[in-house]
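Under my numbering, the residues of the sequence shown are numbered 9 to 638, in order.
Please keep in mind that the hints were generated in silico from the structure rather than gathered at the bench.
Please note that a few of the clues may not be correct.
Once the Cα atoms are required to be at most 30 Å apart in a straight line, the calculated DSBU-like pairs of lysine-lysine come out as [as the list claims (entries may be wrong)]:
| id | residue 1 | residue 2 |
| --- | --- | --- |
| 1 | LYS284 | LYS316 |
| 2 | LYS356 | LYS316 |
| 3 | LYS283 | LYS221 |
| 4 | LYS88 | LYS133 |
| 5 | LYS221 | LYS175 |
| 6 | LYS221 | LYS316 |
| 7 | LYS559 | LYS604 |
| 8 | LYS37 | LYS83 |
| 9 | LYS163 | LYS141 |
| 10 | LYS542 | LYS559 |
| 11 | LYS316 | LYS283 |
| 12 | LYS516 | LYS37 |
| 13 | LYS559 | LYS516 |
| 14 | LYS524 | LYS37 |
| 15 | LYS471 | LYS133 |
| 16 | LYS445 | LYS516 |
| 17 | LYS471 | LYS583 |
| 18 | LYS88 | LYS141 |
| 19 | LYS356 | LYS283 |
| 20 | LYS163 | LYS37 |
| 21 | LYS445 | LYS559 |
| 22 | LYS221 | LYS248 |
Each pair of labels, with its calculated beta carbon distance range [as the list claims (entries may be wrong)]:
| id | residue 1 | residue 2 | range |
| --- | --- | --- | --- |
| 23 | ALA315 | LEU584 | 20 to 28 Å |
| 24 | PHE319 | HIS596 | 27 to 35 Å |
| 25 | ALA306 | ALA376 | 26 to 34 Å |
| 26 | LEU618 | SER12 | 28 to 36 Å |
| 27 | ILE16 | ALA376 | 38 to 46 Å |
Yeah, the Cβ is synthetic: ideal placement off N, Cα and C, and Gly gets one too.
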Amino acid sequence: GRLSVRDIARQVEAEGASRVVVVSDEPEKYRGHDQDFPVGTSFHHRRELDRVQRELRETPGVTVLIYDQTCAAEKRRRRKRGEFPDPDRRVFINTRVCEGCGDCARVSNCLSVLPVETEFGRKRKIDQSSCNKDYSCVEGFCPSFVSVQGVRLRKAVGASFDPARLKEAALALPLPTPWQWTGPFDLLVAGMGGTGVVTLGALVTMAAFLEGKHASVLDFMGFSQKGGAVLSHVRLADRKEWLNQARIDTQQADAILACDLVVGASTEALQTASKKRTQIITSTYQAPTPAVLQDPDAQIHAEALLAKMRFAVREDAFATCDGHALSTRFLGDAIGANMVMLGFAWQKGLVPVSEAALHRAIELNGVAVEMNRQAIAIGRLAAAHPAALTTLLGDAALPAAPADARAELDADIALRVTELTAYQNAAWAARYESAVKRVRAAESAAGSADFVLTRAVAFNLHKLMAYKDEYEVARLFCAPEFLASLAAQFEGEARLSFHLAPPLLGLKDSEGRPRKLRFGPWMLGAMRLLARCKGLRGSWFDPFGHSAERKRERALIAEYESLIDTLLARYETAKLPALLELAGLPEHIRGFGHIKAQSLDAAARRREELLARLDAPAAVAPEVLERAAA
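Build the full structure now, drawing on both the sequences and the hints.
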């Protein structure tokens, strides 16, 4: 039978453990039950896990740590069945307050804390559709987190289009060339766990069975592998004896359907590819990897991954489709992305089952039947007649005309001038604008056409001048844009709670980090009052301005303005990469409190390295030295 935490504790005690420790997300449930556990058993909150592990490391003898928390995947399953509590609380990130430092992702190790690109740089957001309501992300040292109660998640709505016209457009498409059965058809589906890769493989297999074919499916995945690599080996055949094994052998895949760019380009997937035989259909959507979730500077090198897949097959055997974008645009949710990819592959003739059988398999699955049918049709149109998708959307499909580079730069600068005026006053904004104009004039005089240094200075000087002190955090929470972003995701009467660590209280947790407290809706009123006091910023009467952090932030502005003079004095094309990196250093200064202090120290060290390299004499080629010596 199932062992309880108490049973495990008693068992390891009987086997000689000198100490037992229980760590849980709900340690309070053990209060009053100490007598059920071995003598000396201690109970701790999960936020103390690191300290407890270090303590046990130094304890002589055999020690046992029991971690008690329901698996995230199991929580989702039980909640769908109504067998697990579903708290009336969601967590939301104010992206304007967020610094994009990633401390929340590191603390929670949660796959629902996603990076999001904004006009002010990379920030973080909560993917509400996948959020497991674990709430550990709020422990990240950042004031941008808000708890929202009394609301429902607003149902995503896709673009307005006529489903009947979508069906008609799909019916008008030519059918793919029938597959000539001279042997088994091997289809490898590659994607991320939790997105329906296994379901997709099962649907294709069921469709094959429904029309009298033989099929096998073998899924490679980890337990609770949400966000991890999943490979589904689907083998179809006209004759049973052709299916001698379930796994697709090396260089034997007829098609690879890469629903995820990173997994599709993995060695495990591409080892089944052959230039003579294989065709690849891949998504171009860049789903964040664990590295991107943890590291704010990490990038997915999409072009390199696409090139790797393209090299594995013939040039005419490679096609791409952004199923994520199409699903989100038409259906209002990315959950249909893999079905869009399946429809694309089917239209290309790489899923040798009939459309009727595929639709019947979707019906038998019984989940979001109409949406999945529409996703298949969207994928088919994307493969054979993408213009029809544009027609379906009408005026909503028309993309914005690409802005002229100079006009775009003007707009970026104007936006930041407006923001700095709201941040402090017109004089503060004029100081910023004057510095940016100097750089732009110098680049123009040097004949620069792209103004890359001006862009870097415009972005980074604004970041330094709009440092997020108490007044600015309050202003950004009171801004209409914040309340509008809440209304866009939730419906109902929202009750807000704020997770803050006021420095004046000086509270610390067991790890020595500043401890955050939860403040109720009244805090929004206090923030409105605080935001009006921004005129005190930097003056002798500023109660927050005398801290070491605030003094350092103000000093950084003067340092950067001095750095601008250095950049302009050394401006030349050969030195531009180093100049750009110097100008872009503030972009890597992120976070609040001790998190920001660490990034400041790292940026200062890098600044000295770059300045030293800039001052170093140009390297002389060895052959030149040899000629001079001769």
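Here is what the structure says about each hint:
Our distance criterion of 30 Å between C-alpha atoms is met by LYS284 and LYS316, whose separation comes to about 16 Å. Taking the CA atoms of LYS356 and LYS316, the gap is near 21 Å; set against the 30 Å cutoff, the hint holds. Of the supplied pair hints, the one linking LYS283 and LYS221 holds, its CA atoms being roughly 27 Å apart against a limit of 30 Å. The suggested pairing of LYS88 with LYS133 holds, with an alpha-carbon distance near 24 Å, which does not exceed 30 Å.
With a C-alpha separation of about 27 Å, the suggested pair LYS221 and LYS175 falls inside the 30 Å cut-off, and the hint holds. About 34 Å separates the Cα atoms of LYS221 and LYS316, which puts this hinted pair outside 30 Å; it is violated. Of the supplied pair hints, the one linking LYS559 and LYS604 holds, its CA atoms being roughly 13 Å apart against a limit of 30 Å. The straight-line distance between the Cα atoms of LYS37 and LYS83 is roughly 18 Å, inside the 30 Å bound, and the hint therefore holds.
Proximity of LYS163 to LYS141 is assessed by CA-CA distance (about 18 Å); at most 30 Å being required, the pair is judged to hold. Annotation: proposed proximity of LYS542 to LYS559 holds, straight-line Cα distance about 16 Å (limit 30 Å). A distance of roughly 13 Å separates the Cα atoms of LYS316 and LYS283; the hinted pair therefore holds under the 30 Å criterion. Annotation: proposed proximity of LYS516 to LYS37 holds, straight-line Cα distance about 24 Å (limit 30 Å).
Only pairs whose Cα atoms come within 30 Å are accepted, and LYS559 paired with LYS516 is accepted, the gap being roughly 23 Å. Proposed proximity of LYS524 and LYS37 is supported: the alpha carbons are some 22 Å apart, at most 30 Å. For the hint linking LYS471 to LYS133, the alpha-carbon distance of about 20 Å falls within 30 Å, and the restraint holds. The suggested pairing of LYS445 with LYS516 is violated, with an alpha-carbon distance near 45 Å, which exceeds 30 Å.
Our distance criterion of 30 Å between C-alpha atoms is met by LYS471 and LYS583, whose separation comes to about 24 Å. Proposed proximity of LYS88 and LYS141 is supported: the alpha carbons are some 14 Å apart, at most 30 Å. Under the criterion of a C-alpha separation no larger than 30 Å, the hint pairing LYS356 with LYS283 is consistent with the structure, at around 18 Å. Taking the CA atoms of LYS163 and LYS37, the gap is about 35 Å. The hint is violated against a cut of 30 Å.
For the proposed pair LYS445 and LYS559, the alpha carbon gap of about 27 Å is at most 30 Å, so the pair holds. Between LYS221 and LYS248 the CA atoms are separated by roughly 8 Å; this keeps the pair inside 30 Å, and the hint holds. At about 27 Å, the beta-carbon gap between ALA315 and LEU584 stays in the expected band of 20 to 28 Å. Between PHE319 and HIS596 the beta carbon distance is about 33 Å. The supplied range of 27 to 35 Å therefore holds.
Separated by about 33 Å at the C-beta atoms, ALA306 and ALA376 satisfy the suggested range of 26 to 34 Å. Checking the proposed 28 to 36 Å range against LEU618 and SER12 shows it is violated: the Cβ atoms sit about 58 Å from each other. The hinted window of 38 to 46 Å between ILE16 and ALA376 holds, with their beta carbons roughly 40 Å apart.
Checked against the numbered hints given earlier, this structure breaks hints 6, 16, 20, 26; the rest are met.
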